[in-house]
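Enquirer: Given next are the chains, with one letter for each unit.
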Amino acid sequence: MIAEFGLAALWLAAALAALQLLAGSLSLTRGGEGFAAIVRPAAVVQGLLALVSFFALMVLFLRTDLSVQLVAMNSHSAKPFVFKLAGTWGNHEGSMLLWVMVMGLAGSLIALIERRLPERTMLATLAGQAFVSLGFYAFLLFSSNPFERLDPAPPQGAGLNPLLQDIGLAFHPPTLYLGYVGLSVAFSFAIGALITREVGPAFARAMRPWVLGAWVFLTVGITAGSYWAYYELGWGGWWFWDPVENASLMPWLAATALLHSASVLASRNALRAWTVMLGVVAFSMSMVGTFLVRSGILTSVHAFAVDPERGTFILVLLAINIGGALTLFGLRAATVTEGKRFALVSREGALVFNNVMLSAILGIVLFGTLYPLVTEAFDTRVSVGPPYFNPVSAIFFVPMLLVLMVGPLLRWRRDNLSRLRRRLVVPGLLLLAAVAALLAIGGIGVLPFIGLALAVALAAASLLPLRGRNLRRTPIATWGMVAAHFGIAVALFGAASESAFTKETLVAARVGDVTQVGPWQVRLDAIEPVAGPNWTAMRAGLSVRYGEGAVRQLKPQARSFWSPPQQTAESALLTRWNGQLYAVLGEEGEDGRWQLRLWWKPFVTLIWIGGLLIGLGGVLAIVAHVANDVRRSVAREKIADRRMRQGR
Amino acid sequence: MKLIVAILSLVWTPLAVAQDSVPPAPYAYRQLDDPALEAKAHDLMVTLRCLKCQSQSIADSDAPMAGDMRSQVRQRIAAGEEPEAIRAWLVERYGDYVSYSPRVTAMTWPLFAIPLVLLLVAALLLRKRFGRNVSE
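Protein sequences, first through last, are from chains X and V. Under full-length UniProt numbering, the first residue of the first sequence is numbered 1, with each subsequent residue one higher. Under full-length UniProt numbering, the first residue of the second sequence is numbered 1, with each subsequent residue one higher.
Among the hints, a few may not be true.
[Stated by the list, open to error] Within a straight-line C-alpha distance of at most 20 Å, the following computed EDC-like cross-link-like pairs (lysine to aspartate or glutamate) qualify: (1) K503/X x D43/V; (2) K340/X x E376/X; (3) K503/X x E38/V; (4) K52/V x E82/V; (5) K555/X x E588/X; (6) K340/X x E198/X; (7) K555/X x E570/X; (8) K52/V x D96/V; (9) K128/V x E84/V; (10) K555/X x D525/X; (11) K40/V x D513/X; (12) K340/X x D379/X; (13) K40/V x D68/V; (14) K503/X x D33/V; (15) K52/V x E198/X; (16) K52/V x E504/X; (17) K128/V x E338/X; (18) K555/X x E504/X; (19) K128/V x E92/V; (20) K52/V x D68/V; (21) K503/X x D34/V; (22) K52/V x E376/X; (23) K555/X x E198/X; (24) K340/X x D415/X; (25) K555/X x D513/X.
These are calculated hints, taken from the structure and not from any lab test.
Excised from the complex, chain V in its bound form (with noise of 0.2 Å):
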């Protein structure tokens, strides 16, 4: 129980554990000038995990490291960077784990085979429902 609370506040007391280390990053808390380039980048961040918390996408989380990613993709969505080359970049420094959107790999495809099987066997399924008796 102790280990779990000592999680918990670790989650969930990011503004105190904020004010010791080193200043915030920029655009944690701010948004870009531009609303067609902070869109952009809002798009993106609600793909990305925060890796401190459990389940939130950086959009949703008052974690430091949060804050920091999600400044480090609104400058390089500033700076012209494509989303999907911010991803990729993250994908590098810290896995797949980071990107709520998984790319076809030899371990995840039976993640995008498995709504084609599901869509054949809902076929297959009403047609032995249907396909026999529509004379009857």
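The shape of chain X in the complex, shown without the other chains (with noise of 0.2 Å):
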């Protein structure tokens, strides 16, 4: 019963969906004022029946109702409570109605609130959202259907991948999720100020706190994800340049262009062209991550689905969104304004540059990860790897990172860099130091090397912005910047102190036996068998000591599940404030010695600290421009009543 009444909503959220577009249009035409009121009524309810929808699937996967296809395919009732419950979206078809939900529901609040663009560009957003939703109902109802019903419903479940049986993975995804539909209320923002022509600093307002909410969302599923890949398959990698991951990178990279944009127009008025532009290849990057997730079209480690007619019907939504959109920009765009001009040393010209070396940066991501696809047509699989991503993104990444340190210190309009010169003084003595410091090391790549001595400067740079002020008066949304920039600093240093400085040991050793990597010494103590609630496993217990330190225990384990039956190495950390100690048990040997890898990566946290800063700056900036706005309405609202009562 409940997978019906989950289906029959979400059709009706389809049809309500189908009536917005409808209607929206309609009141957008002459004479069709009328169809107006519909408008935000359908939005509000189309994502409340989304909702209802994916608490049917929930209820289905917490009760491992097996009698359902996908709770079958993707459960087992020996599976834990939170896995159970991430199971409604570790899947295709649960993680498209994830998709549609968040999506509707996003609708269903600018309907509610979003009150201060004209009102037919809000009509036009609305009716442009439902276009989009509209597609994925389509993809949902017609060639993945979670509901579908299984007859006869098999004993027990096929259980889920045990990589994804781990805390940070079942809450990746929908992080991911939320940042990609976040973007699509941009780009229907987008489409809604093309349509109506009405492209300036108040679109740009409307805009940006979803922009932010997405990019903040990206950030942290980026950073956890990334800290997933590190500890779950190892091997110490952190990122791969895997198809996958820049997926998730190739929308970052747009809503980062974006939201700076967006703040340029919305206190400038300029770069209007340019922001709306943004906006439509913002989401178009989140349909090709999904896309390139979902179709299975490229092999990774991450992509577990693999299937052609899905893909396909994704590519086709692809092509009509963007096509469609991006026909609309070249209709309009000749209409459509750059706005108030500037000079190229001036906060717009840094902000612009560095649009321009993002921009650049995700072409270079999204041609190296399509690239093998076009080979491979021509039957020649080819392969684009770090050796290639890292260098050729370096070319513009490190530009951006020169112009980084100073854009937030120059005014807006024009400006004079010789004003600049005496703040520069700190950042540009650490520069030298560092690169003094690095070249008495000795041995450190060239990216490595560049990376460490960007990272010390740009650190000491980003907190100019907060010098000579009163730093409780500083507004939020400064700390928001500063926080930000100041996180790329950090995850730049990790990073490259991670490539620089990690040192590897892989020994087999038996009981008793103790080894050495980096400043650690390392002791196996005992080999015991654990058992968990559906895996059994060889823990190895590791005695460690940093230097002449105190002993400390770390205990890896090599898994084994059942449902399905797969091996995991369940790899072990030793946090200390200047590193990471990373342990893994592997097999056993013939002659009864156990293989351990072991790493000391100094300073490799940071770039998760680092990320988490950058995101943190997203809601600091969040705050800073929501606040902003409750108390711009409230001043409105007071005015209007004090006039209301010198009337009387």
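Build the complex: two chains, separate frames, hints provided.
Expert: This is the structure we're talking about:
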């Protein structure tokens, strides 16, 4: 019953999206204004129905209702509660339902609270949102129905891939999806503004919280995903330039550019066409990402779905949405003026430069990810990996970082670099000191060298906007910007340090053997069997000691899951302020010795701390903008109130 | 779905598989004694693709084939071969797919042209934006 109920709710939600699109479009025509009243309520109810449908699926998973095909294929009654819950979205159909649910709720929210935009733009925006949603409803209902029944019901489910039975990964995909879907709202705003030709500061202000929100989710999602790959795959790598990682990186790059250009548009009324264009590109990248992941067109660590029919469907959606949006942009671009002018050396100038660099990196990642598909069509298989992406993206990343050091210090419209010379003394000296120190250490590769030196200078430069200010009166938005830029420096330092200074030891050890990795002494004390709810494991007891410090314990496991049968290595990590010790237990050799893999990774944790700082910066920016909006609307009400009283 | 599980278990149960087959290659899980040579081998291994896995280098994989390849690379480095010679040997054996560092060929030259094109476009964009209104 619950399955049928969920399916009915999904159909109703789709019908309401169709109504929303129809009424929204008609209300923009002459004589159709009467339909306008339907649009907002339709958007609200559509979102609620999608939510109901998603809850229905969640209940099915919690009950492990094996008469539903999706549950039977992806769940198992012996699975812990939280993974039953995560099973709801840990598969293709469920994740697509999550997508339309979040998209529907986002539509409900803008229908309820967004009152700043001209009403016609708002109607066009909601119609655009309904159009995009409809594509996904069709996708769900016609080719990936999550509520499909299975007759007869199997006695037991197939289970969830053990690699995915990890608390981090349970919440990783929904985080990214929230980001993707947030960008769909930005896309709808861009479409709405293009249709009514109302591209201005009000449009940028309405769009900005959504872009920022999406960007925060993407940032946190990418950071968490990278940490997951780091500790779960058991080899200490944290970024592989894997197509699926690139699929989440591309929308992030576009969203980063978009939020910067949106803030120029909001406060300076400049970069109008560019901002709209980026709004279209950012969501397009989300769809490209979804296509790459969901179609299984690229073989990769994370691609757990392989089904060409679905791929084709998403590709068609992609073509319709992107093609339509770009056509609209082409038609309207001539009438959307660039907005206010500014000089090269100005805050806007620096932001434009960085926008162009981010777009170029986006181009590299997109091209490098898709190119192997092109050559495969000609029967040549090539791989494009870190040796390509690292140096080539650095061509654009390094100039961007240099501009990032001065950009936030520049004035709007036009400025003079010589004014900043004295303020840049400290970062400049730090850069020189870092270069000298790194030369003294020696043996560091070119890219890690540049990365470490620039990170040190950027860390100092990113704090400069706070200098000479009363810290308590500094606007929250400024704190947000400083946190995010400082986070870039922190993450860069961690990444470069990991690459330059990691020590690796692979040994076959007997119980009692002592080995060395970097400054650590590691002793294998014992090997013992342990069991969990749906796995058994061999666990190593390691005594580890940093230099002459205290002895501490580490217990890495080699796990065997039985539903489905699969082996994983559970790494054990020991975090110090200056890095992480990473231990993995491998297999037992024929001579009774156990494989141990040990790494000492100095400052590696800074990668993810930096990522979280960047996300924190985004959160502070949202808080600042929302607080401003609230203050502004309260002030407006007060003025209106006073006028009324004076009128009496 | 069964197929996926089958494929994944192929990829992810190398431990069980390895025990049934021939003894593992000597340097699959063992480093070279000379740290300089090991570093050289490691730098090469992270740029070689594990052919049995999904988007992992042979330095990041439990698959038996990746172990064999690691052993090959370490032994050849120890024998004094240059990393690029080993890469060329592997490419000849397994095709371009094995190397994460694409060569410039008739098929791959656009990969190397695109950064230049993007640089040019970026320069043009910035020039167009700022070239004419500096005096404003």
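Enquirer: Can you confirm whether the C-alpha distance between K555/X and E198/X stays at or below 20 Å?
Expert: 60 Å, violated
Enquirer: Does K555/X pair with D525/X here, judged by a C-alpha cut-off of 20 Å?
Expert: Within the cut-off at roughly 10 Å; holds.
Enquirer: CA of K555/X to CA of E504/X, is that 20 Å or under?
Expert: Distance of about 18 Å is within 20 Å: holds.
Enquirer: Is the straight-line distance between the alpha-carbon of K503/X and that of E38/V 20 Å or less?
Expert: 11 Å, holds
Enquirer: Taking 20 Å as the top limit, are the C-alpha atoms of K340/X and D415/X close enough?
Expert: 16 Å, holds
Enquirer: Keeping to a limit of 20 Å between CA atoms, is the pair of K555/X and E570/X held or broken?
Expert: 9 Å, holds
Enquirer: For the pair supplied as a hint, K52/V and D68/V, confirm whether the alpha-carbon distance does not exceed 20 Å.
Expert: Measuring from Cα to Cα gives roughly 12 Å; hence the hint holds.
Enquirer: When you check the alpha-carbon spacing of K340/X and D379/X, does it fall within 20 Å?
Expert: Answer violated: K340/X to D379/X is near 50 Å, above 20 Å.
Enquirer: Is the Cα-Cα distance between K340/X and E376/X 20 Å or less?
Expert: The given pair, whose Cα atoms are some 46 Å apart, is violated under the 20 Å limit.
Enquirer: Hey, K555/X versus D513/X, does the alpha-carbon distance stay inside 20 Å?
Expert: Distance ~16 Å between K555/X and D513/X Cα, so the pair holds.
Enquirer: So if I understand the rule, the pair passes when the alpha-carbon distance is 20 Å or less; does K503/X with D34/V pass?
Expert: Distance of about 14 Å is within 20 Å: holds.
Enquirer: Starting from K503/X, check that the Cα of D43/V is at most 20 Å away, please.
Expert: Between K503/X and D43/V the Cα gap is close to 13 Å, so the pair holds against 20 Å.
Violated hints, listed in ascending order, are 2, 4, 9, 11, 12, 15, 16, 19, 23; each of the other numbered hints is respected by the structure.
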